[in-house]
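Turn these sequences into a full structure, and let the hints steer you where they fit.
Protein chains: 2
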Amino acid sequence: MATTLEEAQISYEELSDLEQEFDDVETEIIRQQYALSKPLYTRRAELLAKIPNFWPLVLEQAPMDIDEYIQPSDSAILLSSLKNLSVSRFELDADEKNGDPRSIAIRFEFAENEHFEDTVLEKKFWWRQSKDGFAGLVSEPVEIKWKPGKDLTEGLLSLAKAVYDEQVAKPKVENKDKKAKVVLTDKQKALKEKIDQTGMGGVSFFAWFGYIGEYISAEESKQAIEEEREERRKRKAGEPVPKDEDEEMEDDDDDEELEDDLDIFPTGDAVAMAIADDLWPGALKYFIQAQEQDGMSELDFETDEEDEDDDDEEEAGASRPQKKQKGSKN
Amino acid sequence: MATTLEEAQISYEELSDLEQEFDDVETEIIRQQYALSKPLYTRRAELLAKIPNFWPLVLEQAPMDIDEYIQPSDSAILLSSLKNLSVSRFELDADEKNGDPRSIAIRFEFAENEHFEDTVLEKKFWWRQSKDGFAGLVSEPVEIKWKPGKDLTEGLLSLAKAVYDEQVAKPKVENKDKKAKVVLTDKQKALKEKIDQTGMGGVSFFAWFGYIGEYISAEESKQAIEEEREERRKRKAGEPVPKDEDEEMEDDDDDEELEDDLDIFPTGDAVAMAIADDLWPGALKYFIQAQEQDGMSELDFETDEEDEDDDDEEEAGASRPQKKQKGSKN
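Note that the protein sequences, when read in sequence, are chains A and B. Each residue of the first sequence is one higher than the last, beginning at 1 in UniProt numbering. Each residue of the second sequence is one higher than the last, beginning at 1 in UniProt numbering.
Simulated from the structure, these hints should not be mistaken for lab results. You may find that some hints are simply not true.
To be verified - Partner residues are not named here, just some residues of chain B that face chain A (Cβ under 8 Å, in silico): (1) Gln9; (2) Glu21; (3) Arg44.
Ideal Cβ positions, reconstructed from N, Cα and C, are used throughout, including at glycine.
Following this line, the structure appears as structure tokens:
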């Protein structure tokens with residue numbers, strides 16, 4: 001089986017290049033979908049603004065890949081103070097034809113609260129590609145003006161920001177010594193220690209504002225994308241393509257591991273995508289779900305008789321694939 | 001909470017109408033995506049045709065919502081005889097501007113085998129809407145020419161087809177007596193009995209070819225869609241809209257329940273959507289996953305040392321959200 005591709009005389013690259021073309025179509029589709037649905041999201045926002053506690057109620061229905069990160073103490077703030085949540089594709093807002101549709105900004109608006117001064121916390125995620133094959137969302141830590149004694153991240157977030165600022169201020173080292181061991185700065189050591197000390201209960205959801213991902217500049221990304229496109233063009237045309245250097249990739253793996261160790265919320269990109277691709281478009285559906293659950297507690301009392309009949313049917317026909325939903329609109 | 005909408009003075013209909021507009025955008029996006037990706041699927045088919053056992057290997061990786069329906073005996077045929085699988089949006093193929101993008105055709109191509117004569121089994125699903133609010137995929141049973149003693153559905157599929165043909169041959173009763181009890185025909189009784197007798201082990205996957213869903217003609221659907229669109233237009237313009245009759249909907253619920261009881265594979269539409277929206281677009285990814293799993297059994301032996309180091313790290317930083325995948329392309 002492992003030689004199936006070899007037998008077929010198809011290279012992994014042929015398949016991979018075609019996959020990339022499918023991804024490119026996906027990306028263009030996001031661009032078109034954003035343009036078509038933008039006016040609908042504007043109208044939706046006007047309606048939702050009239051519904052008290054809309055976003056807190058939606059967040060309570062959030063799927064596991066968001067909900068698992070919300071601690072009880074986070075929940076308390078969100079339920080009492082979250083006024084609005086919005087997602088925008090800011091590169092498209094700036095340049096609808098050429099901006100990368102995958103970059104997103106997630107904006108939380110809060111009423112005055114006990115925990116922090118900010119009324120708006122917005123985190124941006126840029127879609128970046130690197131020469132060693134990474135492609136995904138990168139970000140930078142967002143500062144939160146915690147009130148005294150109220151920092152739910154217990155200093156992690158501000159330390160993450162300090163380390164980030166220190167890193168981007170460093171001059172970029174070209175052709176660095178690949179054999180040199182990675183040496184942590186004092187701030188990085190402090191951050192690593194603090195991360196290691198974090199209790200089993202898990203960090204606050206607000207640590208998500210500290211997610212970084214990778215350090216990839218817009219220029220490096222643009223270059224990597226163009227090179228990759230050029231290599232694909234050559235392969236398609238049957239022209240020779242220079243190979244990647246294996247050593248360079250090994251070294252970058254160490255860097256990636258370090259960046260991951262120092263990230264106070266390594267899965268921040270997955271949470272961002274869950275918010276942008278699931279919670280945000282599905283907000284009305286989640287809200288209606290919350291309403292129905294509330295309404296159900298009154299209906300339960302009346303449907304006990306119906307349940308008896310259903311049991312008989314289930315015993316007899318138990319082996320047929322059972323329908324859960326009819327796709328009805330009601 | 002149950003009165004949240006009332007407090008906000010927003011009607012359920014306002015939200016529901018807006019949701020429908022979002023769905024309309026989704027549908028248009030499917031149309032655009034089909035046009036853009038069609039040439040890529042053609043090229044992909046040319047590549048895949050060179051890879052032996054491509055689709056059987058992909059089906060082995062199928063997600064649970066397909067895999068749970070494949071019995072060992074089904075697996076045997078698929079692994080030995082399935083030559084190709086393809087999905088098309090046939091209404092778009094016929095009329096790219098006006099066809100419903102959600103209607104799909106799923107085509108299985110087989111080599112000569114022990115179980116049936118057919119080399120092609122294709123099932124079509126039409127997106128239909130009904131006046132009582134149903135919207136979804138409906139289909140009709142596909143006949144399989146089973147070889148003697150080899151019918152994996154044990155007669156269920158042919159009986160389903162006989163009942164379907166009988167139903168569509170009946171004259172449509174307008175303004176039927178809503179109080180009249182539903183009377184089953186002899187064929188329907190035989191089908192119901194056979195379904196009830198089906199063992200706990202579950203039906204063959206090939207019973208999926210017998211999925212019907214609902215009996216909704218193209219004309220009824222077209223009318224229902226136009227009426228719904230007109231009602232939305234009126235509500236938006238502030239014009240009065242006539243209400244649905246409650247009695248009519250109650251009666252239709254009984255019909256729906258009966259249709260469900262007599263469907264030999266009630267979740268057929270969900271399986272169709274899983275094939276069209278997940279397996280079909282993701283086939284290369286699933287294939288590569290299968291290849292990697294095969295390759296992994298050799299690599300496992302070499303990575304034992306690395307595993308030891310990982311354990312130490314995990315103890316210390318166990319409470320940080322752990323990254324599963326970096327989004328890297330490698």
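Going down the list of hints, with the structure as the test:
Taking 8 Å as the C-beta cut-off, the interface hint given for B:Gln9 holds, the closest approach to chain A being about 7 Å. Taking 8 Å as the C-beta contact cut-off toward chain A, the hint placing B:Glu21 at the interface holds, the least distance being around 6 Å. Annotation: B:Arg44 was flagged as interfacial toward chain A, and the flag holds, the nearest CB pair being 6 Å apart, inside 8 Å.
Consistency note: the structure conflicts with none of the earlier hints.
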